[in-house]
Amino acid sequence: MDGFIRAIIQGVPIGGVFALVAVGFVLTYKTSGVFNLAFGGQAFASAALYFKLHVIEEWPQWISLVLSVFVLAPLVGLILERVIFRHLRNASDLARLVVSIGMLVLIPAVMKEILDIATVVKHPVGILPDGLHPYQLFGRYPVSRDEISQVVFAVLAALLLAALFRFTALGLQMRAVVESARMTELAGIRSDRITAFSWALSSTFAGLAGVLIAPRYTTVNETYFFVLVVAGIAAAAIGGLTSLPRSLGGGFALGVTAILLRTYLPQDSIIANQIQPALPFIVLFCVVLFWKDRATVSDPLATVDPPPPSSASDDRGALLTWGTRGFWSVVLGLMAMHALVWGNEFRTTLYTQAVIYAIIFMSVTVFTGIAGEISLCQSSFAAIGAFATMQFADRFGVSVIGGAFIGAMIAALVGAALALPLMRLGGIWLALATLAFALLFESVIVNFDWVGGLVPLPKVPRPLLGTIDFENERTFFVLCVVALLLVAFVVVRVRNGTTGLFLTAMRGSETAIASIGVSRARLRVTAFALSAGIAGLGGGLLGMYSSTISYSSDFGPFIGLFWLVLVVNLSTRTVEGAMQAAAGFVLFPEYILKPLDLGGAYQYIFFGIGAITFARHPEGILEFQKRRSMNSIQRRIDRRSGRSSSSEMPSVDTPTMGTTS
Amino acid sequence: MMAMLAIITLGAAACGNAKADKKQVVTTLAPGVTTTTADTAQNVPVDEKGVSATEIKFTSIATGENNILGTNIMGAYNDGIRAYFDYRNASGGIYGRKLVLAKTRDDKLAFNKVESQAMIAEDDSFGAFVATLQFTGAQDLADAAIPTYGWGIHQEFSDNLSMYGHLGALCLGCIGRTSPYVAKTVGAKVVGILGYAVANSKVCAEGLRDSFNKFEPELGIKVGLFDVSQGFGLVDGLAAQVTRMKEAKVDFVTTCMDLNGMKTLGDELKKQGMDDVVMYHPNTYNQKFVDEAGGIFEGDYIAPQFVPYENKLDSELQNKFFEFTTKAGVTPEELTMVGWINADMAYTGLLKAGPKFSRQAAVDALNQVTNYNAGGLVAKIDWTKQHSDPKADPSQRGEFECFSPIKVTGGKFVPAFTQDNKPWTCWSNETSDWSEPTQMAFAETPAG
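Just so you know, the sequences run in chain order A and B. Just add 18 to wherever you are in the first sequence, counting from 1, and you've got the numbering used here. Just add 21 to wherever you are in the second sequence, counting from 1, and you've got the numbering used here.
Be a bit skeptical, because a hint or two may be false.
To be verified - Selected chain B positions facing chain A (in silico; Cβ < 7 angstroms):
#, residue
1, E86
2, A139
3, Q155
4, T157
5, Q160
6, Q176
7, A218
8, V249
9, D257
10, A261
11, N281
12, D288
13, S453
Quick caveat, the hints were computed from the structure, so don't treat them as lab data. Where a beta carbon is used, it is the ideal one built from N, C-alpha and C, also for glycine.
Could you build all of it, start to finish, from the sequences and the hints given here?
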């Protein structure tokens, strides 16, 4: 009993921080429909400013606290709402998620550039002086001042929030906006102001959580805050993303459960070593999967989307089509010559990387571009391909190309298996489930010896086809190009074939597709498997390219988020979109940032800004520009040939994907 | 699609793999190699990358941006290399040429491979220095046969004959006597061992556990807690583990965790009234860090990766280190000395290669050195065998297992076991059985 009480006392403080984050999530989700993954960035921003002001500049604690939590945090929330998310009220889940991921990357990058705290050897401190000072609760259970402040602030925040909702007109209006923003407007209430207030409030919660948890680390680094956010998401999921009390309780429960498991599980057991670190992700996965009221949908048209706008290439005439193909053939030919003949070996390796990433990114084209679903675990599928390639080549002596195809098949099987339990999920819930899978994969599966847990990891050899040794970078580049062409061929065939049409139709209305006798389950499994298989094949090639697989830098969950945002930002529905995203991913730092002498943070800043533009052009910024320039050229061609203009640029701001406000 | 993949797979299965084992095979001596110290003023024309009539250029690749440890890796490391080059250049350089750190590359944590490949493509440096948190470009540098000297915390330094970690090949997970010896010295009876739930950290922690278990009959020290269940970032802290340690009466803790983990552990021990538990740190040799920690590390032992600055030796190389870092206005950090040692390795290779040096000659020459010790700053490294992972091949272990720890006393670092100018506490590796250590000092290298 003593151990039990002690575990509860130890778990409550961290649970309080999880609860704060969870409540913040629910607030924004309820009032604006945005599942705000940028919370990690917002928490980091306040923690970083507090660290800079109080620890480095030695300002008084309370001034630093006020400025970082009660000025900066709400300001960031307000800016996010006013400038970005307000215009996404009617946008798709994908659009909102992409923008929030962009902000998750952008906010820390900007703050780090401004505050310059990266190499300061000082420890973050809490909001009370001498935060480590212990008190003996009930005379025997030690708690530190920092922990007390975590609990007190979490409880205070909850009480204030409850009072706000229950006893104030503002709270009443907030509840009304949650129920129906339009009805609230009819009553003369400015719902947008209420939403803005909710954002400011939730951002304050994020900032407070960030400042409270920072003393647990030796440095203020955004990576740690991403982990915090995942735990917060799990707690919010317990509340169905809508219930504040349940989310609050979920946060505390999660913190306490983690400590209870550590207290009572047998040491050095598989459960203790493999499952315990993944607790928040397991909870998230299970809640998303089994919680009955998670998919409450009030709008009967919520799952009915009009078809997406046609591809830019569909609207051009024959002459322009041939012209475009000719132009790109020349460009790609020149790039190939640069890779194979003119450029040095380094250029070849860069192009090879770009080609491999283009293959991986085509898995996003299939799953998100064609099927219209959101997966945040594509990097895990790629990792499965890479590890399988390594293991089959090393353990069983299989040829590495054979290993890569086996890896692709295993990834496809895992994708199919994952699709089955996730069958009924869509939108943000599917995104959450796949994120949970990615995190589970990272914290549990990767560590098994038969995956990536061996130390040192065996090397992945390059293939040998007859007399052709792909150890040579230029020959390996050619091999990767061949693989890219094969995959592109498959993707185009699928997109234009029956499966692609069905997937596009399912994207529009699952009910409609079911009513004509097409199995949604089969379609969903097909999309998952195909997409995972492609990612797995790309992962295998990346393993061969790298020789030594580096899971954290090449396949971590955060990388997967980055990939998704990059592809959908540029163009998610076309093969060339995936190629352009890959080129941007690999070549942008080398050809743009380096010559301009811009630090790595700028990559993330540009990435975040790109995500914002996605809000305006949800078909992808490149696709949008392509459509615009093609229409312009087509009009000139038509004018010269004396025909009336046959193509006008259709609106891309469709009701479901873009802005209508 | 699956059928198609299956068919392609069957077809591809007939293919082979190129160079499954990418170990470099460097067995022959290049022309011009000598094994004696050459006349360093003799400037003869040399046709080698990065070498001109007046300079020998090097490039460093280090982690600057996105360093999650929050320490100054890149700056300190490059300072150490520059200070060493200043020292050698002050007496004329080598073979009539100045040693120059011509380029510094920041791998920004995630771009190690790209930076390595870019360096290889430019091919305008004689050798590379590497101090990064990931080493994904190792194979590229090895394949390019560029002499590479680095912060030896990565397994990737193993099995490549042109790569030199500053400690020789790592032995992650090997049975070792250092931790048990510190535990014995402080009179510990029960030890707690912590690691992260990631492969490298786990293997390291398992090695510690196996070591204590092996020596339990001789030392009477039991493992009271072994925990490798924490995810990186320690989001839910170490409270439960410390409580379990308390219940198990743990009086000594050793870990395979980073600075962040040690700080969290120290805070939690203090909170739960276990301040008197001694911690043995694998990587907290940072005076600023310890100063900032507010006394939680008092009485702890720390194992620097070289003879600590506080242990003044009768060593020219150590004296010159202080002299030239002071001249450069550099405050020495852990990585400053690593940079210095790596630069000395590069110099030693050149020196032993002779005036008609080449990359290959410098590699071959250094690989013949059986007692490299950077003027006594690191324990003896036998480069004829210490390129290989000793866990995989125990015959490749060095002659001695050594460490030169410090104790945090009054917030300052104080050399722990040093005697009579002998900073190294060592055991012979002829057997891995328990024995009492011997205090040792290692001879100066010819370079020193």
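Quick rundown of the hints versus the structure:
| no. | hint | verdict |
| --- | --- | --- |
| 1 | E86 | 5 angstroms, holds |
| 2 | A139 | 5 angstroms, holds |
| 3 | Q155 | 6 angstroms, holds |
| 4 | T157 | 5 angstroms, holds |
| 5 | Q160 | 4 angstroms, holds |
| 6 | Q176 | 4 angstroms, holds |
| 7 | A218 | 4 angstroms, holds |
| 8 | V249 | 6 angstroms, holds |
| 9 | D257 | 4 angstroms, holds |
| 10 | A261 | 3 angstroms, holds |
| 11 | N281 | 5 angstroms, holds |
| 12 | D288 | 5 angstroms, holds |
| 13 | S453 | 19 angstroms, violated |
In summary, the structure is inconsistent with hint 13 from the numbered list given earlier, while agreeing with all the others.
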